[in-house]
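Colleague: First to last, the sequence lines map onto chains W and Y. For the first sequence, the numbering used here begins at 12 and goes up steadily by one. For the second sequence, the numbering used here begins at 66 and goes up steadily by one.
One thing to keep in mind: the hints can contain errors.
Claimed, not checked - DSS-like mimics (lysine-lysine), calculated; alpha carbons at most 27 Å apart, straight line:
{"no.": "1", "chain 1": "W", "residue 1": "Lys49", "chain 2": "Y", "residue 2": "Lys264"}
{"no.": "2", "chain 1": "W", "residue 1": "Lys53", "chain 2": "Y", "residue 2": "Lys215"}
{"no.": "3", "chain 1": "W", "residue 1": "Lys53", "chain 2": "Y", "residue 2": "Lys210"}
{"no.": "4", "chain 1": "Y", "residue 1": "Lys264", "chain 2": "W", "residue 2": "Lys53"}
As the list claims (entries may be wrong) - What follows is a list of derived Cβ distance ranges for each label pair:
{"no.": "5", "chain 1": "Y", "residue 1": "Arg92", "chain 2": "W", "residue 2": "Glu212", "range": "43 to 51 Å"}
{"no.": "6", "chain 1": "Y", "residue 1": "Asp208", "chain 2": "W", "residue 2": "Pro90", "range": "51 to 59 Å"}
{"no.": "7", "chain 1": "W", "residue 1": "Ala134", "chain 2": "Y", "residue 2": "Glu148", "range": "38 to 46 Å"}
Everything labelled a hint here was simulated from the structure, so no lab data went into it. Using N, Cα and C, we set each Cβ at its ideal position, and we do this for glycine too.
These are the residues of each chain, in order.
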Amino acid sequence: MNCELAHERIVTAAYGELPDELAHELERHVAACPDCQKEHEKVLALRVVADAHPVAEPPPNLIARAHLRLDETLDTLPPKRWYERLGERILNSFASLQAAPVAALLLAAAGAGAGLLGGYEFALNRAAHAATTARTAVPAGAQVQPALALPELANVAGISSIVRQPNSEIVAVSYNQLVPRHAEGPVDDPAIRQLLMLATEDAASPRVRDDSVALLAAECRTGHGCQPSGIREALMVALRYDRSPRVRQKALEGLEPYVADDVRVRDAVLEAVLSDSDPAIRTAAIGLLDPVDADTSVRQVLYSVSNSDQNSQIRNVSRQVLSRVPEIQ
Amino acid sequence: MGGASREDMSQGQERAQNRAHEMDLIREAQAGSRAAFDVLVRQYEHQVLRLALHLTGSEPDAEDIYQDAFLKAFRYIGNFRFECSFYTWIYRIVTNLCLDQLRRRKTRREDHAVVVDRGGDEIDVLASVSDNRSFSNPARELDRKLLGEKIQAALTKLTPRERMVFELKHYQGLRLRTIGEILNTTEETAKNTLFRATKKLRAQLAELR
Numbered sequence: 012m013n014c015e016l017a018h019e020r021i022v023t024a025a026y027g028e029l030p031d032e033l034a035h036e037l038e039r040h041v042a043a044c045p046d047c048q049k050e051h052e053k054v055l056a057l058r059v060v061a062d063a064h065p066v067a068e069p070p071p072n073l074i075a076r077a078h079l080r081l082d083e084t085l086d087t088l089p090p091k092r093w094y095e096r097l098g099e100r101i102l103n104s105f106a107s108l109q110a111a112p113v114a115a116l117l118l119a120a121a122g123a124g125a126g127l128l129g130g131y132e133f134a135l136n137r138a139a140h141a142a143t144t145a146r147t148a149v150p151a152g153a154q155v156q157p158a159l160a161l162p163e164l165a166n167v168a169g170i171s172s173i174v175r176q177p178n179s180e181i182v183a184v185s186y187n188q189l190v191p192r193h194a195e196g197p198v199d200d201p202a203i204r205q206l207l208m209l210a211t212e213d214a215a216s217p218r219v220r221d222d223s224v225a226l227l228a229a230e231c232r233t234g235h236g237c238q239p240s241g242i243r244e245a246l247m248v249a250l251r252y253d254r255s256p257r258v259r260q261k262a263l264e265g266l267e268p269y270v271a272d273d274v275r276v277r278d279a280v281l282e283a284v285l286s287d288s289d290p291a292i293r294t295a296a297i298g299l300l301d302p303v304d305a306d307t308s309v310r311q312v313l314y315s316v317s318n319s320d321q322n323s324q325i326r327n328v329s330r331q332v333l334s335r336v337p338e339i340q
Numbered sequence: 066m067g068g069a070s071r072e073d074m075s076q077g078q079e080r081a082q083n084r085a086h087e088m089d090l091i092r093e094a095q096a097g098s099r100a101a102f103d104v105l106v107r108q109y110e111h112q113v114l115r116l117a118l119h120l121t122g123s124e125p126d127a128e129d130i131y132q133d134a135f136l137k138a139f140r141y142i143g144n145f146r147f148e149c150s151f152y153t154w155i156y157r158i159v160t161n162l163c164l165d166q167l168r169r170r171k172t173r174r175e176d177h178a179v180v181v182d183r184g185g186d187e188i189d190v191l192a193s194v195s196d197n198r199s200f201s202n203p204a205r206e207l208d209r210k211l212l213g214e215k216i217q218a219a220l221t222k223l224t225p226r227e228r229m230v231f232e233l234k235h236y237q238g239l240r241l242r243t244i245g246e247i248l249n250t251t252e253e254t255a256k257n258t259l260f261r262a263t264k265k266l267r268a269q270l271a272e273l274r
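Pulled out of the complex, with its shape left as it was, chain W reads as follows (with noise of 0.2 Å):
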């Protein structure tokens, strides 16, 4: 170890900062060379010589003064907006992106390769398309033929499979239309029933929906055919899910002749007593449920409702219902 070294060693030394190994060499060092037991020493006295500016402690006065002048000034600045709390989110994953400079430049790489090939191949496959296209519709010396008629491509619903032949540039392409269609028949022919319970799931129209739960709810109250398993179904299902109140009341209205027999239709009526969103469908469906109020499921229900809906004419028709069973009371 020369002096040089030695010297900075000390410094470090005396702040407690040498690794042990580097102390020991060090302290061998001094031991032997009269100018750096000097160095030592100078640095030692530094040390105590420097204690004599000693750091005091902030008066409480200052710490008091300069907080109350800190809330002041905080109390005076406009609070963050939710975009500028959004902003500093972004740029802070910008900046942790910015941590990661390869892992960044990689990422964009491998984004613009991707995006080059899947152009690259895209406009090939639409320009060999284009090309098959041409050569099927217009074959060499004959007048342009389209494979199809203007009218009927604008009734195009959608491609449902494309398969090209073998060797060939011939390409069959199978297609879905849309036509529109006209049925007329009795409310209980079997295809007019079938399209009258596509129509309750009729989400875009509600007028359509409305339509036709009034009339398989009108051949269920007549019991024109109401199975389990079809027109009953349909309408438990606009009960539960249909967004529209009418529609939802109708339905109530075409199940109320199944409440007492069908256990499904029953737990239907309760659920719509427990959440549906109107007030009036829930006290009509309590209504429903007089004829079965023995029931175990029915009566634990009124109970919670009358006891705890925060309806208070939900509240007391439940009472009504169960002040009829009197050994609930």
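Once you've looked at the hints, dock chain Y against the given chain W.
Modeller: Below, chain Y alone, put in the same frame as chain W:
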């Protein structure tokens, strides 16, 4: 031996709990909670003022640094990414502000040998520190006061960065590694800066020997 290791373990657990609690506070402050930020301020304000006061030797300057540091922390706490401890982060803000102050002073050639209070009156820091040593007496006190002034004068001769490294190592007792983190440099550079600072101080104070 076993008792000591148990004590170490419980201290380690306590530190981990404190760190977890501090991280929760930072996240709350990042979500806009003033109360959480206030707890963080109270946790560090003492150390911030102590450092600023010793470096600047002026209560108004220390108060300004405190104000600017915590305002910056409040404004940019959303950018804190938990890559270092909050302690390092807040010290980084404070040391930067102190370095700016020292650089301004260097250009103005100010030379504060005594602490200045809010009213502009001079306060003798040395006199405010009690001396419990058995040899304490008025003559000795005068010597200490003069010595303190000389040291302050010698410290002002250092570059702001040397002054900062010496302050953080000698007076605040931080590890060189932490000093490197705070000043955005390496431990090795911090060590070299400390070496240069001690060399210059010894040259300045040579007459005292």
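Colleague: Has the given pair, Y:Lys264 with W:Lys53, been kept, meaning a C-alpha gap of at most 27 Å?
Modeller: holds (10 Å)
Colleague: Does Y:Lys264 lie within 27 Å of W:Lys49 when you go C-alpha to C-alpha?
Modeller: holds (14 Å)
Colleague: Look at the Cβ atoms of Y:Arg92 and W:Glu212 and judge whether their distance stays inside 43 to 51 Å.
Modeller: Holds: the Cβ-Cβ distance is about 46 Å, inside 43 to 51 Å.
Colleague: When you check the alpha-carbon spacing of W:Lys53 and Y:Lys215, does it fall within 27 Å?
Modeller: With a Cα-Cα distance of about 17 Å, the restraint between W:Lys53 and Y:Lys215 holds, given a limit of 27 Å.
Colleague: Is 38 to 46 Å a correct range for the gap between the Cβ atoms of W:Ala134 and Y:Glu148?
Modeller: Given about 44 Å between the Cβ atoms, the range holds.
Colleague: Does Y:Lys210 lie within 27 Å of W:Lys53 when you go C-alpha to C-alpha?
Modeller: Holds, because 21 Å separates the two Cα atoms, which is no more than 27 Å.
Colleague: Kindly confirm whether 51 to 59 Å is satisfied by the beta carbon distance between Y:Asp208 and W:Pro90.
Modeller: For W:Pro90 against Y:Asp208, whose Cβ atoms are near 55 Å apart, the range 51 to 59 Å holds.
The structure shown violates none of the earlier numbered hints.
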